[in-house]
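Undergrad: Go by the hints and put chain X onto chain D.
2 protein chains.
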Amino acid sequence: MTGNQSGEPHVPANHLASAPLPADTVGLLEGLNTTRAIRRYHDEPVPAEVLRAILFAATRAPTGSNRQQFRFITLTDGPKAHAAKELIAGAARDLWKRKQDNDGYQTGSGLVENSPKARMAAAMQDYVDHFDRVPALVLPCLIRYREPSSFEGSSVYPACQNILLAARALGYGGVLTGFQAFVESELRSLLDIPDNVFVAATITLGRPVGHHGPVRRRPIGELVYGEGWGEVPTWAVDPPGTSHTAAGPKNPKPTY
Amino acid sequence: MTGNQSGEPHVPANHLASAPLPADTVGLLEGLNTTRAIRRYHDEPVPAEVLRAILFAATRAPTGSNRQQFRFITLTDGPKAHAAKELIAGAARDLWKRKQDNDGYQTGSGLVENSPKARMAAAMQDYVDHFDRVPALVLPCLIRYREPSSFEGSSVYPACQNILLAARALGYGGVLTGFQAFVESELRSLLDIPDNVFVAATITLGRPVGHHGPVRRRPIGELVYGEGWGEVPTWAVDPPGTSHTAAGPKNPKPTY
Numbered sequence: 001m002t003g004n005q006s007g008e009p010h011v012p013a014n015h016l017a018s019a020p021l022p023a024d025t026v027g028l029l030e031g032l033n034t035t036r037a038i039r040r041y042h043d044e045p046v047p048a049e050v051l052r053a054i055l056f057a058a059t060r061a062p063t064g065s066n067r068q069q070f071r072f073i074t075l076t077d078g079p080k081a082h083a084a085k086e087l088i089a090g091a092a093r094d095l096w097k098r099k100q101d102n103d104g105y106q107t108g109s110g111l112v113e114n115s116p117k118a119r120m121a122a123a124m125q126d127y128v129d130h131f132d133r134v135p136a137l138v139l140p141c142l143i144r145y146r147e148p149s150s151f152e153g154s155s156v157y158p159a160c161q162n163i164l165l166a167a168r169a170l171g172y173g174g175v176l177t178g179f180q181a182f183v184e185s186e187l188r189s190l191l192d193i194p195d196n197v198f199v200a201a202t203i204t205l206g207r208p209v210g211h212h213g214p215v216r217r218r219p220i221g222e223l224v225y226g227e228g229w230g231e232v233p234t235w236a237v238d239p240p241g242t243s244h245t246a247a248g249p250k251n252p253k254p255t256y
Numbered sequence: 001m002t003g004n005q006s007g008e009p010h011v012p013a014n015h016l017a018s019a020p021l022p023a024d025t026v027g028l029l030e031g032l033n034t035t036r037a038i039r040r041y042h043d044e045p046v047p048a049e050v051l052r053a054i055l056f057a058a059t060r061a062p063t064g065s066n067r068q069q070f071r072f073i074t075l076t077d078g079p080k081a082h083a084a085k086e087l088i089a090g091a092a093r094d095l096w097k098r099k100q101d102n103d104g105y106q107t108g109s110g111l112v113e114n115s116p117k118a119r120m121a122a123a124m125q126d127y128v129d130h131f132d133r134v135p136a137l138v139l140p141c142l143i144r145y146r147e148p149s150s151f152e153g154s155s156v157y158p159a160c161q162n163i164l165l166a167a168r169a170l171g172y173g174g175v176l177t178g179f180q181a182f183v184e185s186e187l188r189s190l191l192d193i194p195d196n197v198f199v200a201a202t203i204t205l206g207r208p209v210g211h212h213g214p215v216r217r218r219p220i221g222e223l224v225y226g227e228g229w230g231e232v233p234t235w236a237v238d239p240p241g242t243s244h245t246a247a248g249p250k251n252p253k254p255t256y
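Chains D and X are the protein sequences, given in the same order.
Position 204 of the first sequence, counting from 1, maps to 204 under full-length UniProt numbering, and the rest follow consecutively.
Position 102 of the second sequence, counting from 1, maps to 102 under full-length UniProt numbering, and the rest follow consecutively.
Keep in mind the hints are simulated off the structure, nothing from the lab.
Be aware that one or more of the hints could be misleading.
Claimed, not checked - Across the chosen pairs, the derived CB separations fall in these ranges:
#, chain 1, residue 1, chain 2, residue 2, range
1, X, S109, D, E86, 45 to 55 angstroms
2, X, R119, D, G213, 35 to 45 angstroms
3, X, A19, D, R218, 12 to 22 angstroms
Remember, predicted model here, so these are calculated numbers, not experimental data.
All C-beta atoms, glycine included, are put in the ideal place defined by N, C-alpha and C.
Just chain D, with the same shape it has in the complex:
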């Protein structure tokens, strides 16, 4: 670590050019299985060395034909970074408000203190309340060369996962959201993002308040099929000690 706190202009590039990446303290499979969405961060910057290692890992992800059309706008504490965080924070608060209503966070078990739903709601409220102060925010983008389609995400969302996993490797954490979509035109103006660029996500990053740990999902036998849709292979069995969770909010009626 250098004495620099901001991850911005004061770190001489040549320092990092001669600095190897940090050593591993977490195993690969362990990391995949214990990287949680982290929404509460200590109020301290992500050091330049950590940002470099996280974004380096991002760029190691695959892209279609290895075209590497992905780009990663990484916002920390410059004036545009602050403006972008405030913009997206506004969208996040609006969206969370709507979601609370639509997804029933204010009804049923959402009203039961300490129920998973109530805890999730409290975490989300805290997240959006402090969103403008997230230590770092990455906007993963894709320079388009084909018509937009559902498939184009295959050249940018694997890199998003690498970002979250690399953060985990380094004692940090983050979460993948879509908040930027609701202030996209303002963000394009602010950050000079060209029209032919798909802004794929908003990833916030910081040092976790709370912990990573085993991720909970539905039983693997509900998610993995074998010889056809709905056919469960005999090996699709959770390892001992796996905890489960319900799926997220009830799906709305399909809108298409």
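TA: Relative to chain D, chain X alone:
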């Protein structure tokens, strides 16, 4: 490992239910930075224990609102698996033939023996020639509840990356492709995939002929921006020893 070779019906579920996941031998950051696209596989099945660990990791990936609408059809050696592999192999061969022409693999350095382009072409030819015999093939899917969009990939492609990384963790390897899109209706019939399901990719998996190792990309300073589009942060510096590669084929003129 059990004596079972197929990863299919003969492994009793209770064996895996009491078997923990394999221990890690690769670090998390190391894994992110050294997981290459693996297109050549030894001609041997992926054991049930390995499939279970890989698909378990897939299901730990994030999805929007944790809805877990992803599903993973995992094809090994049943009759439908063989039929699906042959179908997709046909599409892969057609596509590779077209791509060779369109992306100039038969011109310029593509004709120079042992050039990166010629080696890539040889690897792709070998891949599509043997595609119908890949040891395992995963079709990651997403049950849609909204209109199709570029964003929906954020709930399935992070899991695809987990699959490739988990394979790396276990001494296996794979590659993410889009070949299934060209035989989608036939695959839907064969595997009973409902209409409201997005078939997001084809991932082939097996034990690598060849090796994982440091992934090569464009310099990080070309892919990572700071306070706005095109602004390179001072920390965006490759670590010592990084090898670079050109981006993939030249982009066609945008078609949109």
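Undergrad: None of the hints should be skipped; say for each whether it holds.
TA: Here is what the structure says about each hint:
1. X:S109 x D:E86: 45 to 55 angstroms: For S109 of chain X and E86 of chain D the Cβ distance comes to about 48 angstroms; the hint holds.
2. X:R119 x D:G213: 35 to 45 angstroms: 43 angstroms, holds
3. X:A19 x D:R218: 12 to 22 angstroms: About 20 angstroms separates the Cβ atoms of A19 of chain X and R218 of chain D, which means 12 to 22 angstroms holds.
Going down the numbered hints, you'll see the structure goes against none, and every one checks out.
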